[in-house]
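Given the coordinates of chain A, assemble chain B onto it according to the supplied hints.
Protein chains: 2
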Amino acid sequence: MSGGIDVVFLGTGGSLPTKERGLPSVALRRNGELILLDCGEGTQRQMMHAGLGFNRPTIILISHLHGDHILGLPGLLQTMSSLARDKPLDLYGPKGLMKFLNLIYKPLGYPANFKVRAKELSPGQEVDRGEYLIRTTLAKHDIPCIAYSIEEKERPGRFHPEKAKRLGVPEGPLWGELQHGKAVRVDGKEIRPNDVVDSPRSGLKVVYAIDTRPAESVRRLAKGADLLMHDGGFAEERRPKAQEYYHSTAREAAQLAKAAKAKRLAVVHISAVTRDDSVLLREARKIFKQTLVPKDFQTLALKPLK
Amino acid sequence: MSGGIDVVFLGTGGSLPTKERGLPSVALRRNGELILLDCGEGTQRQMMHAGLGFNRPTIILISHLHGDHILGLPGLLQTMSSLARDKPLDLYGPKGLMKFLNLIYKPLGYPANFKVRAKELSPGQEVDRGEYLIRTTLAKHDIPCIAYSIEEKERPGRFHPEKAKRLGVPEGPLWGELQHGKAVRVDGKEIRPNDVVDSPRSGLKVVYAIDTRPAESVRRLAKGADLLMHDGGFAEERRPKAQEYYHSTAREAAQLAKAAKAKRLAVVHISAVTRDDSVLLREARKIFKQTLVPKDFQTLALKPLK
Numbered sequence: 001m002s003g004g005i006d007v008v009f010l011g012t013g014g015s016l017p018t019k020e021r022g023l024p025s026v027a028l029r030r031n032g033e034l035i036l037l038d039c040g041e042g043t044q045r046q047m048m049h050a051g052l053g054f055n056r057p058t059i060i061l062i063s064h065l066h067g068d069h070i071l072g073l074p075g076l077l078q079t080m081s082s083l084a085r086d087k088p089l090d091l092y093g094p095k096g097l098m099k100f101l102n103l104i105y106k107p108l109g110y111p112a113n114f115k116v117r118a119k120e121l122s123p124g125q126e127v128d129r130g131e132y133l134i135r136t137t138l139a140k141h142d143i144p145c146i147a148y149s150i151e152e153k154e155r156p157g158r159f160h161p162e163k164a165k166r167l168g169v170p171e172g173p174l175w176g177e178l179q180h181g182k183a184v185r186v187d188g189k190e191i192r193p194n195d196v197v198d199s200p201r202s203g204l205k206v207v208y209a210i211d212t213r214p215a216e217s218v219r220r221l222a223k224g225a226d227l228l229m230h231d232g233g234f235a236e237e238r239r240p241k242a243q244e245y246y247h248s249t250a251r252e253a254a255q256l257a258k259a260a261k262a263k264r265l266a267v268v269h270i271s272a273v274t275r276d277d278s279v280l281l282r283e284a285r286k287i288f289k290q291t292l293v294p295k296d297f298q299t300l301a302l303k304p305l306k
Numbered sequence: 001m002s003g004g005i006d007v008v009f010l011g012t013g014g015s016l017p018t019k020e021r022g023l024p025s026v027a028l029r030r031n032g033e034l035i036l037l038d039c040g041e042g043t044q045r046q047m048m049h050a051g052l053g054f055n056r057p058t059i060i061l062i063s064h065l066h067g068d069h070i071l072g073l074p075g076l077l078q079t080m081s082s083l084a085r086d087k088p089l090d091l092y093g094p095k096g097l098m099k100f101l102n103l104i105y106k107p108l109g110y111p112a113n114f115k116v117r118a119k120e121l122s123p124g125q126e127v128d129r130g131e132y133l134i135r136t137t138l139a140k141h142d143i144p145c146i147a148y149s150i151e152e153k154e155r156p157g158r159f160h161p162e163k164a165k166r167l168g169v170p171e172g173p174l175w176g177e178l179q180h181g182k183a184v185r186v187d188g189k190e191i192r193p194n195d196v197v198d199s200p201r202s203g204l205k206v207v208y209a210i211d212t213r214p215a216e217s218v219r220r221l222a223k224g225a226d227l228l229m230h231d232g233g234f235a236e237e238r239r240p241k242a243q244e245y246y247h248s249t250a251r252e253a254a255q256l257a258k259a260a261k262a263k264r265l266a267v268v269h270i271s272a273v274t275r276d277d278s279v280l281l282r283e284a285r286k287i288f289k290q291t292l293v294p295k296d297f298q299t300l301a302l303k304p305l306k
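Each protein sequence line maps, in turn, to chains A and B.
So for the first sequence, the working numbering puts the first residue at 1; every next one is plus one.
So for the second sequence, the working numbering puts the first residue at 1; every next one is plus one.
Bound conformation, chain A alone:
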């Protein structure tokens, strides 16, 4: 059962870190599992500071193979191994991920105390994780870059035994039928599921689109997201630079969030040149009010609406 998703911004910087902002990484905590989005250099120490732990069920999603998004991976795996992790770890990323792992990880002679189940994804591919679905699309960067959507599945509404009893439905197989959406008959009277079961509970949807120009594919992926984390570390006056490097301005991120009818926007990949992030916030909020420009270690607790 989902109790929501906690978002921990581990590294909100761009490719060039600053004293205040680490290299890209965001952690989602969901039902005891850790979902790590990118793993820039230094992520393992950011995780220590955030108290995230190295032996919980973990899945890592890599957006693309630029160094600033993956160079924390070998050290993180090494640290997990040193700390005697025993759970397997799932790792997803674009084509080339396995080659990177083979190049960097194996020759360094790290011990492999636990299994790393790595898989390359093509943009568009989905991964069914049981309680949630990972959907992907191609972002708009200078190398193949995946935008991810983590979508909790709809869960059945709550069943009210006292209502069933009041309507004369005896405890037993008929309860199960009602819970599975079937009407039942008791003493010639029809009892419908919505007499005793609440409406299905919708899950949360969190979208991560970093290192990208505004893209129609991302807008579609982000439709109705509870949280959209989007590249947007450039102020409007530096838009030509954002274009040149295949990034977005905060305002462009806001426009996309608005078009996607997202509920909230977190602007990430803050350029080191952007000394004053209040400019980003101001420019984005003119378009999309529910914007934040998170600092490192800022957290956000997302709860399903019903």
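Rather than coming from a laboratory, the hints here were simulated on the basis of the structure.
Be aware that one or more of the hints could be misleading.
A pair holds if it fits inside one copy or across any two, identical chains being indistinguishable in the list.
Below, simulated SDA-like cross-link-like pairs (lysine to any residue); rule was C-alpha separation at most 25 Å, straight line [stated by the list, open to error]:
hint : residue 1 : residue 2
1    : LYS295    : MET48
2    : LYS95     : HIS160
3    : LYS263    : GLU33
4    : LYS19     : ARG56
5    : LYS19     : THR299
6    : LYS99     : GLU177
7    : LYS182    : GLN125
8    : LYS241    : SER81
9    : LYS140    : GLU236
10   : LYS87     : THR18
11   : LYS19     : MET48
12   : LYS241    : GLY96
13   : LYS223    : GLU154
14   : LYS19     : ALA50
15   : LYS19     : ASP296
16   : LYS19     : HIS49
17   : LYS19     : GLY32
18   : LYS19     : GLY203
19   : LYS258    : ARG239
20   : LYS19     : LEU300
21   : LYS95     : ARG213
Chain B only, in chain A's frame:
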């Protein structure tokens, strides 16, 4: 002219970082140049916090090719490039360094705005850096690991023009001869260099031996060092672990510093298991009083004695 060497401990941790201790790296500042000893993950941000700058003349010495000593290198080079470094950078390390660079650095598509002059060294090899000499030896680890000595050359003593004048030596070529150690004759009287020139000024000697068991080769290299930085992050009660992983206890580091007649010892590579570093200090100081167990960002200003 040397005004001494400033030592900045950037990462004093072992292969597993902690909240307090980063992965291995030490910076030496000497006469405007930065000498970086190892470059663990996160070194670039530690450098930012220490205010070291990315465009000064820089030389990086890598002890060995375990990930915790080199995984900060690609990101550091990328950051230097992003910040439009224009000066070449000299990089030295053991055999395999070039392969690592080719594997990790080039495929990630980093721009190369400046020249990286990388060179693999065999233990024992020397590098003449003009004002100082780098000497190397093989440390005692489970893979080839180089211990480094940075030795400032002896500089000529100060010449006193007023003494020369008083002794009747006219300004001109004779002054040069005296400065170069030759006696001269003026009106039949012999003037010796030490009448007008102070004794040669000895330089500083700094030795870095990390990831090593106590080794005779390191003792020889460290002879008379002004500062010996030595692996020693294990307390005596964990000596079997130190032996197993080819590291040293703080006490063993102290014994080596004493045998080498070093002037000062800094114990580095502090194991994450060592929660209380005062134990290391106590155990080492029983053997060698001039020991410190530096914290991250601690600095040490070394001055030549004369």
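So, going through the hints one by one against the coordinates:
1. LYS295 x MET48: Result: close both inside a copy and across copies, 17 Å intra and 18 Å inter.
2. LYS95 x HIS160: neither (48 Å within a copy, 70 Å between copies)
3. LYS263 x GLU33: Result: close within a single copy only, 24 Å intra versus 51 Å inter.
4. LYS19 x ARG56: between (29 Å within a copy, 19 Å between copies)
5. LYS19 x THR299: both (19 Å within a copy, 19 Å between copies)
6. LYS99 x GLU177: Classified as neither: same-chain Cα gap 50 Å, cross-chain 64 Å, threshold 25 Å.
7. LYS182 x GLN125: Neither way: LYS182 and GLN125 sit 33 Å apart in one copy and 81 Å across, limit 25 Å.
8. LYS241 x SER81: Result: close only across copies, 17 Å inter versus 40 Å intra.
9. LYS140 x GLU236: within (19 Å within a copy, 55 Å between copies)
10. LYS87 x THR18: The answer is between: 22 Å across copies meets 25 Å, while 33 Å in one copy does not.
11. LYS19 x MET48: both (17 Å within a copy, 6 Å between copies)
12. LYS241 x GLY96: So LYS241 and GLY96 fail the 25 Å test inside a copy (27 Å) and across (38 Å) alike.
13. LYS223 x GLU154: within (16 Å within a copy, 70 Å between copies)
14. LYS19 x ALA50: both (17 Å within a copy, 10 Å between copies)
15. LYS19 x ASP296: Both ways: LYS19 and ASP296 sit 11 Å apart in one copy and 15 Å across, limit 25 Å.
16. LYS19 x HIS49: both (15 Å within a copy, 6 Å between copies)
17. LYS19 x GLY32: Cα proximity of LYS19 and GLY32: across copies only (23 Å, versus 31 Å in one copy).
18. LYS19 x GLY203: Neither: 36 Å inside a chain and 35 Å across chains, both beyond 25 Å.
19. LYS258 x ARG239: within (19 Å within a copy, 61 Å between copies)
20. LYS19 x LEU300: both (22 Å within a copy, 22 Å between copies)
21. LYS95 x ARG213: Classified as within; 20 Å inside a copy, 42 Å across copies.
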